[in-house]
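These protein sequence lines are chains A and B, in that order. Numbering follows this note's numbering, in which position 63 of the first sequence is assigned residue number 162; successive positions increment by one, without gaps. Numbering follows this note's numbering, in which position 180 of the second sequence is assigned residue number 647; successive positions increment by one, without gaps.
Hints are computed from structural coordinates only; laboratory data are not their basis. Errors might be hidden in some of the hints.
What the hints assert, rightly or not - In silico SDA-like links for lysine to any residue, alpha-carbon gap of 25 angstroms or less:
1. Lys714/B <-> Ser240/A
2. Lys266/A <-> Glu111/A
3. Lys721/B <-> Lys264/A
4. Lys721/B <-> Ala168/A
5. Lys721/B <-> Met256/A
6. Lys264/A <-> Leu246/A
7. Lys497/B <-> Asn234/A
8. Lys721/B <-> Pro118/A
9. Lys740/B <-> Glu671/B
10. Lys201/A <-> Trp241/A
11. Lys497/B <-> Lys201/A
12. Lys551/B <-> Val482/B
13. Lys201/A <-> Arg474/B
14. Lys201/A <-> Val482/B
15. Lys740/B <-> Pro617/B
16. Lys497/B <-> Ala168/A
17. Lys709/B <-> Leu237/A
18. Lys721/B <-> Lys201/A
19. Lys266/A <-> Leu246/A
20. Lys266/A <-> Ala207/A
21. Lys721/B <-> Thr236/A
22. Lys657/B <-> Val707/B
23. Lys721/B <-> Asp263/A
24. Lys714/B <-> Leu235/A
25. Lys709/B <-> Thr236/A
26. Lys201/A <-> Ile480/B
27. Lys709/B <-> Asn719/B
28. Lys721/B <-> Ser240/A
29. Lys709/B <-> Ser116/A
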Amino acid sequence: MPITYTSGEQIEVYRFSIPVTVGVPLLALFLQAFLPRRIFSIFDLPLLVTIFFGMARRNPISGLFTGAAIGLAQDMLGPYPIGIYGIAKTVVGYLASSLGAKLDVENAGARLLITVAFYLVHQAVFFTVARGMVNLTLNWSWSHGILSGLANGIVGMVLYFVLDKFKQRT
Amino acid sequence: MESVLGRYRNLTILVGVLFLQVLGLAVQVKRSVDAEHTRLIRIWAVDAITPLERILVWTQNSTNNVWHNYFFLRGVRAENRQLKEQIQQMRLEQVRLNEDAAQARRLQSLLAFKEQVVMKTVPAQVIGSSGSDLSRSIYIDKGSNQGIAPDMPVITSGGIVGKVLRTYPSTSLVLMINDQSSGVGVLLEKSRLQGVLRGTPEGELVLERVMSDEQVTPGETVLSSGGDQIFPKGFPVGTVMKVSPGKELFLNIKVHPAADLSRLEEVLVLTEKQEREVVAESGGKVRAADILAQRLPSVPDKPATVPGAPVAATGKLAGTAAAGSIPSAKPGLNGGTKPAAVAGTGTKSAERPALRLAPASTTAESPVVKSSDSDASNGRVPSDGTNRATSSTTKTPEKPAAVPSNPSTPQSGPQPAAENNPN
Chain A
100 MPITYTSGEQ IEVYRFSIPV TVGVPLLALF LQAFLPRRIF SIFDLPLLVT
150 IFFGMARRNP ISGLFTGAAI GLAQDMLGPY PIGIYGIAKT VVGYLASSLG
200 AKLDVENAGA RLLITVAFYL VHQAVFFTVA RGMVNLTLNW SWSHGILSGL
250 ANGIVGMVLY FVLDKFKQRT
Chain B
468 MESVLGRYRN LTILVGVLFL QVLGLAVQVK RSVDAEHTRL IRIWAVDAIT
518 PLERILVWTQ NSTNNVWHNY FFLRGVRAEN RQLKEQIQQM RLEQVRLNED
568 AAQARRLQSL LAFKEQVVMK TVPAQVIGSS GSDLSRSIYI DKGSNQGIAP
618 DMPVITSGGI VGKVLRTYPS TSLVLMINDQ SSGVGVLLEK SRLQGVLRGT
668 PEGELVLERV MSDEQVTPGE TVLSSGGDQI FPKGFPVGTV MKVSPGKELF
718 LNIKVHPAAD LSRLEEVLVL TEKQEREVVA ESGGKVRAAD ILAQRLPSVP
768 DKPATVPGAP VAATGKLAGT AAAGSIPSAK PGLNGGTKPA AVAGTGTKSA
818 ERPALRLAPA STTAESPVVK SSDSDASNGR VPSDGTNRAT SSTTKTPEKP
868 AAVPSNPSTP QSGPQPAAEN NPN
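One chain only, chain B, in its complex shape (with noise of 0.2 angstroms):
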């Protein structure tokens, strides 16, 4: 026996060397299943290689400060006239986005949706990765004594990461999107279609489970779904590159990420998210129906003629919300009453033929729905139904609701309500 393994001795010790650590990785698979802590010596090897690299990051950056807010200044006066004109038209579509996303909780709350909300973020820089070709992750300066845990989301302004895998004292281990071992609910942000958004071995995105007679287009947005219980739902995640036949009935998808994964610097990691039900800006109740019924064309009325009231001609209603309360109109399409839509700017009520009314100003006898100024300049009407002119006769309102066709250009004094649909 001594012989054979005095003959063999190299392949012994190999073989022993190989069970070992079998051994241990049994184990740790083994453990894996009810929770996995940090090791120890994990722990140690991190401590030990990230000040270096925290020193060298800090030296990196250091360098690149000086030289970009010192010696790279040039054509910043340029940029920055650029930067104000870019500013002007974004503050327009900000103002259209926001009624749009008024509207849609608006709608959500009358649903009783849930909404995840990040309360919380903290940023942290990128300070090194894991060292291996075949695993896609990085190391950030942020660890659990700055409240970073495992399975938090971790973003850049562009889209998002990854999430937190492992967790150390001050660093953080950070597994990237295009690992091939993370997995990503999303959808598409057009066509609404589910998948889910694996790694490959090159470090590319590709999006399974999506049925190949589906149409799917290059250059489509793709979101996170929420359905990982991870990511919250409508972070972008990247672009739709190239679709092709896959294995079985799906399509290989290749997706470009959102983020630069492989030149990250400064990443936010998502600390607190809260859910809540989607609150509408009013409290009043509002209905599906009402909100719906405002959105559709409606049959063009008689234009409410109220005695004393100087009733609009066509085109451009000018004037804003009377001063004082608007007789609240019964909600929703009960009594006879129609929901009326009420001006906006002329050009919008061409567009959408219907009926708008101004968002007046709300008083407390009033439960109307606070409305901004870009309810008005958009043409949406205030949700709750409450704070519709009646164009038709059933309502004759007290006080009529003028609208001021361009919010820019108030008008004061009480106007009348309605506009006659062009249609």
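Just chain A, same shape as in the assembly (with noise of 0.2 angstroms):
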């Protein structure tokens, strides 16, 4: 299906089940850090679990905490100072569940480019708010951006097809 422009009354609000709604972004962020470095270092997973539920749930206040908590645990396991990943996921979860109000987004190819999209937005708040705010010296790199940013797209359309399964119509 298509990206389709819909009002908000034809898209219908996914919820999901509190296992699901604790468990997926502990599994998420538990996977984070225990699978091989080598190869799994470049996906983000705790991004991808943010912009699924904030897509399927539609509602801007509970994709930001969504994202909030999310980030903040991710920061928590990180070297770096807690919030880093918390603002940037928390502008991704509010993003995702804003477009997710506006637009049905099934289609497999549009989940790509979305995903895409909302690594390279949460790419670019945690860049700016590591080196304005905390002063660390990250440097960008385009190359290793945009292709982990397909590489969690590719993921993220595999993850998403899976936890479909999960969701529940109000």
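These two chains come separately, so use the hints to put the complex back together.
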């Protein structure tokens, strides 16, 4: 199904059970920390989960809080000050749910494009905060950023397909 | 006002949440200027996730052990034989290296150099990573309870891995050297050029601050310089992979890490290192001039003629050090005594046109440097200058020291001291 601009009433809003709401982000964080770094380091599973929940729930407030929670949890496991990922994922969660409220995104190709776009937004916010506020000496690499975005988009398509099974209609 | 907030409710909440996080960040940045302590919230998060990781790592390792110890033993016999041969070769190499190291220590002691000695290490297992593409950090299963503290170096047998960034009771966060915020003081092994090693967004290593007019060749080994006050000097860091002109006046040098940073399983944390003055093997004082004089080619002197003692002919000089004391010549070049080097192996002496003295057995009366057999085998001279045969006629040893041409074929009894220099 292509991306279609619809009214709010035409778009179905989904909800998830509590185990899925809590368990999936935790599992994503755990896998992100545990999976071998050589291959999986370019994937950002918590980001993909944030985008998925944001787009499925289509509620900006819920999306931004989901993003904030997942981002802050990711910050706690990382070496940088707490809040960098939190801010980036809050913005992505808000944008994903706002977009989900306007567009019906069920098509795999559309999901790929949106994931790549949100990945780049996430990185842009992350780098802005990291360099502007925390003064971390991080360098941006366009090739790495775009390749990682594409890789995350492809993994996202598969992940969204799996997570679609847990959707519950309101 | 209320209508505006109601209309832009979502946006207001977004701004509020972002503001709170920015505020939290600002507080952390301000505090980190003084001293950053591990926050309780981090401890909770790590404590929540690491037990699961430990269980999974344990399961993984157990499975691997069963496989490797029972099902994967084909070819072990051949490998064992190969390794034994390798050990033999390495032993020979070790003899040479020991000698070089001993000499380096003697020279360093002369200059009152300080050396860092690794006193204690704690082995640790890698149980996870930070879970982010932009940071290169790992979690290990040892923490403050095991004596780990921030800024301790982490290494493997291959080379350095990183430093401890944060500690928790039973785990620690290690910042790897390929993280973008990491910086390691390094030097190139051959050219001795110093620089700073940094990580890139792709997780590669780049050597910075090397001027573009310097000659750096791919394949050159990169060692830690000790300048960062974290990693002891001389640890392998990597090898130069690619050299290209960089920004401004500096070269862009890509370095391949010595340790496989993406497949780390076990690491060592250097928990205790000590800085001490280098101590030579002997207690006697040695002058640099003496050591250098021994290393330099010397004018061949007439062999010492000792009444009653057989004089060695040219070629290999057989014999061991005379049992008993050797009259110690006055160290140095004073008194007209030339620091004479005496025999090593025949081949060595041919390479180094100098007379060498055998490592004679030392006694309390003679303040000579204890020298290993390898001294003789390598044709090196004990460094105190006292244990030299004076092939010139200024000194005539009462009991001429003899030199083993080959440590494995000792001969008893006093032997002539000197060997004619082929040159």
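Status of each hint after checking the structure:
1. Lys714/B <-> Ser240/A: The given pair, whose Cα atoms are some 16 angstroms apart, holds under the 25 angstroms limit.
2. Lys266/A <-> Glu111/A: 11 angstroms, holds
3. Lys721/B <-> Lys264/A: Distance ~46 angstroms between Lys721/B and Lys264/A Cα, so the pair is violated.
4. Lys721/B <-> Ala168/A: Answer violated: Lys721/B to Ala168/A is near 38 angstroms, above 25 angstroms.
5. Lys721/B <-> Met256/A: This hinted pair is violated, its Cα atoms lying about 35 angstroms apart.
6. Lys264/A <-> Leu246/A: Violated: Lys264/A and Leu246/A sit about 28 angstroms apart, past 25 angstroms.
7. Lys497/B <-> Asn234/A: Within the cut-off at roughly 12 angstroms; holds.
8. Lys721/B <-> Pro118/A: Measuring from Cα to Cα gives roughly 47 angstroms; hence the hint is violated.
9. Lys740/B <-> Glu671/B: 28 angstroms, violated
10. Lys201/A <-> Trp241/A: Violated, at roughly 30 angstroms.
11. Lys497/B <-> Lys201/A: With a Cα-Cα distance of about 41 angstroms, the restraint between Lys497/B and Lys201/A is violated, given a limit of 25 angstroms.
12. Lys551/B <-> Val482/B: 68 angstroms, violated
13. Lys201/A <-> Arg474/B: At roughly 17 angstroms apart (the allowed maximum being 25 angstroms), Arg474/B and Lys201/A satisfy the hint.
14. Lys201/A <-> Val482/B: 21 angstroms, holds
15. Lys740/B <-> Pro617/B: 14 angstroms, holds
16. Lys497/B <-> Ala168/A: With Cα atoms ~23 angstroms apart, Lys497/B and Ala168/A stay inside 25 angstroms; holds.
17. Lys709/B <-> Leu237/A: At roughly 22 angstroms apart (the allowed maximum being 25 angstroms), Leu237/A and Lys709/B satisfy the hint.
18. Lys721/B <-> Lys201/A: 47 angstroms, violated
19. Lys266/A <-> Leu246/A: Distance of about 30 angstroms is beyond 25 angstroms: violated.
20. Lys266/A <-> Ala207/A: At roughly 17 angstroms apart (the allowed maximum being 25 angstroms), Ala207/A and Lys266/A satisfy the hint.
21. Lys721/B <-> Thr236/A: 18 angstroms, holds
22. Lys657/B <-> Val707/B: 12 angstroms, holds
23. Lys721/B <-> Asp263/A: 44 angstroms, violated
24. Lys714/B <-> Leu235/A: 20 angstroms, holds
25. Lys709/B <-> Thr236/A: 23 angstroms, holds
26. Lys201/A <-> Ile480/B: 19 angstroms, holds
27. Lys709/B <-> Asn719/B: Distance ~8 angstroms between Lys709/B and Asn719/B Cα, so the pair holds.
28. Lys721/B <-> Ser240/A: With Cα atoms ~16 angstroms apart, Lys721/B and Ser240/A stay inside 25 angstroms; holds.
29. Lys709/B <-> Ser116/A: Violated, at about 53 angstroms.
Hint compliance for this structure: hints 3, 4, 5, 6, 8, 9, 10, 11, 12, 18, 19, 23, 29 are broken, all remaining hints hold.
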